[in-house]
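So the protein sequences, as listed, match chains F and V.
In terms of my numbering, the first sequence is residues 3 to 104.
In terms of my numbering, the second sequence is residues 191 to 689.
If you're looking for bench data, these hints aren't it; they were derived computationally from the structure.
Just so you know, not all the hints are guaranteed correct.
Mimicking SDA-like on lysine to any residue, the simulated pairs with C-alpha atoms at most 20 Å apart in a straight line are [to be verified]:
id, chain 1, residue 1, chain 2, residue 2
1, V, K208, V, I466
2, V, K480, V, T677
3, F, K52, V, N689
4, F, K101, V, T677
5, V, K304, V, F427
6, V, K213, V, V241
7, F, K102, V, Q528
8, F, K93, V, L533
9, V, K430, F, E74
10, F, K23, V, Y534
11, V, K643, V, I466
12, V, K604, V, T342
13, V, K282, F, N89
14, V, K604, V, K430
15, V, K574, F, N89
Computed from a predicted structure; not experimentally measured.
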Amino acid sequence: MILYYYKVMSISRDEIQRIAKLARIELTEEEMGRFQGDLNKVLGYIEVLKAINTEGVAPLASVTGLENTWREDEEADLGLQKAIIENAPEKSGRFIKVKKVL
Amino acid sequence: MKFNLMDYAYATIVELRKALDAKDVSSVELAKFFLARIKKYNPDLNAFITVTEEEALMQARQADELIAEGKAKPLTGIPYAAKDLFSTRGIKTTAASKILENFEPVYDATTIRKLKEQKAVLLGKTNLDQFAHGSSTETSYYGPSKNPWDLTRIPGGSSGGSTAAVAAGLAPFALATETGGSIRQPASLCGISGWKPTYGRVSRYGVLAMTSSADSIGTVTRSAEDLAITAEALSGFDPKDSTTSKVPVGSWSKNFHQDLRGLKVGVPPEYFPEGIEEDVEKRVKEAINKIQSLGAEIREVSLPLTGYGSMVYAIVTPSEVSSNLSRYDGIRYGHVTQKAGDLYEIYSRSRGEGFGDEAKRRIMTGTYALSAGYRDAYYLKAQKVRRLIVDEFAEAFKKVDILLCPSTPSVAVKIGGAAQNPLFGYIADQLNIPSSLAGLSGLLVPCGFGQPKDGAAVDLPVGLQIIGPQWGEERVFQVGFAYQQATEWHKEKPKVFQN
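With the rest of the complex left out, here is chain F:
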């Protein structure tokens, strides 16, 4: 049986904030504290996995070994434009509206 253990790592508050920014998720203070602990646990798993010898092993990209499946670049009108725009929370005519980017 594998023992689960983890070092109390120094994932800093700054680090958590950086990740939340990358992930575009606004978190409460409480959530940030909680996720700090969770991320530490994951680091713990890595410590265990590090003990396994993977020298010369290629990372798995696909279990089926399928690569680069192609299709013809053909046009098709599925008539979904109106339905797609309907789903957007903010829209104007044929366009989805977003706040200014720059």
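We have chain F already, so just place chain V on it with the hints.
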């Protein structure tokens, strides 16, 4: 011979097909019957998020026309439920989340389209763990589903709504998905049959993505024979899903035989871990003995990397989840915050408000594991260990034809029990995760009942897991079928929903 209407609640697809073709019952009568059962029992079970009454009756009428013309296909007129992860055009598809609470897809998933073409009858969308993140349905925005065998306990997850619905006789079969145990574990806890296909067998087009390298589309039914029938209907290359394979779809339901002479079975000792409940171990070993009595040779096959599967999963899954959930940005669909000043706040507040805890946890973990400086050490290392797990199974399948083992180390726990144990999901799924990560074929068949470790005097289902090699559908269906010819566990029904 006519059925009693009540007999239909737990009838198999095979039995329903006969009854429909013999005009003992019409599709519309069947649809109305199941819709009435759902209305009566869903409040107790919370198996369904959305019931599609109009759609069901319309499809049933079309099915009756096909049957009258003698053009019925295997699933024509058969009612079913779909996990609310499958896109259904014009019908709410929520992933059991707030962020997609009112979302209506503009297209059908390929699997939904295939069932529509056969005129199967969609009864509704079932509950799940939010975005399929979990093993109990407790992360659903709509509350947990209940185990039909004991309403204070979990049905398992993430496909808990689908399995509860079939186990309670609210639908003859249901669409489900598995990435790390989400079909086999709930099937085990609810006492029904479940199919986890080889990755690449069934199109994922239109199914909201969780872990793109492992998500597999399957079904839960009342028998292994039914699983094979649904598998034939759903499998096959789809140009819209570039990860589907052109490996041919067999006539799996038509070539069953009763005995298993010559079958070499491997039993991995690592799948009976410390802490496994006594009754789970007993029932599974009894099932293995039964299969031996049908002619199979049983031998021990060690899979030493088994324990590492959950850790690989704990890194790979959140990584891919963080990528797949980035599309929920409050711009093109779904929940949008009312409190944003600029574009960044639209993203961060919509996502902060719309995602549940577990989704956020996985996004944060995955973003970290994939971020610059960490990707090599975390994600790629985990994917290397994953390849070793794949190789370990491949070696095992050189010595044996299938593996038999438990699916989950305990019977159903109480709702709320998981909250005390943050490792619950990984423990519950540790025996499904390795073969899921390897993309192998798998089946779950009920094999008896056991009492829980918490001391309650209640009999709860135990399941037997049948793991086959990649593309091993024919083999796992054959073993499941033969076992169910020799046993009756799959015919058991919970006492509560029988009128």
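Results of checking the hints against the structure:
Only pairs whose Cα atoms come within 20 Å are accepted, and K208/V paired with I466/V is rejected, the gap being roughly 41 Å. Taking the CA atoms of K480/V and T677/V, the gap is about 9 Å. The hint holds against a cut of 20 Å. A distance of roughly 56 Å separates the Cα atoms of K52/F and N689/V; the hinted pair therefore is violated under the 20 Å criterion. Taking the CA atoms of K101/F and T677/V, the gap is about 63 Å. The hint is violated against a cut of 20 Å.
For the suggested pair K304/V and F427/V, the alpha carbons sit about 12 Å apart, so the restraint of at most 20 Å is met. Proximity of K213/V to V241/V is assessed by CA-CA distance (about 26 Å); at most 20 Å being required, the pair is judged violated. For the given pair, K102/F sits about 16 Å from Q528/V by alpha-carbon distance, which is consistent with the 20 Å threshold. At most 20 Å may separate the alpha-carbon atoms for a hinted pair to count; K93/F and L533/V meet this at roughly 15 Å.
For the hint linking K430/V to E74/F, the alpha-carbon distance of about 12 Å falls within 20 Å, and the restraint holds. A hinted pair counts as satisfied when its Cα atoms are at most 20 Å apart, and K23/F with Y534/V qualifies at roughly 9 Å. With a C-alpha separation of about 9 Å, the suggested pairing of K643/V with I466/V holds against the 20 Å cut-off. Annotation: proposed proximity of K604/V to T342/V holds, straight-line Cα distance about 6 Å (limit 20 Å).
Only pairs whose Cα atoms come within 20 Å are accepted, and K282/V paired with N89/F is accepted, the gap being roughly 12 Å. As the CA atoms of K604/V and K430/V are separated by approximately 41 Å, the hinted pair breaks the 20 Å bound. Simply put, K574/V and N89/F have alpha-carbon atoms about 40 Å apart, too far for the 20 Å limit, and the pair is violated.
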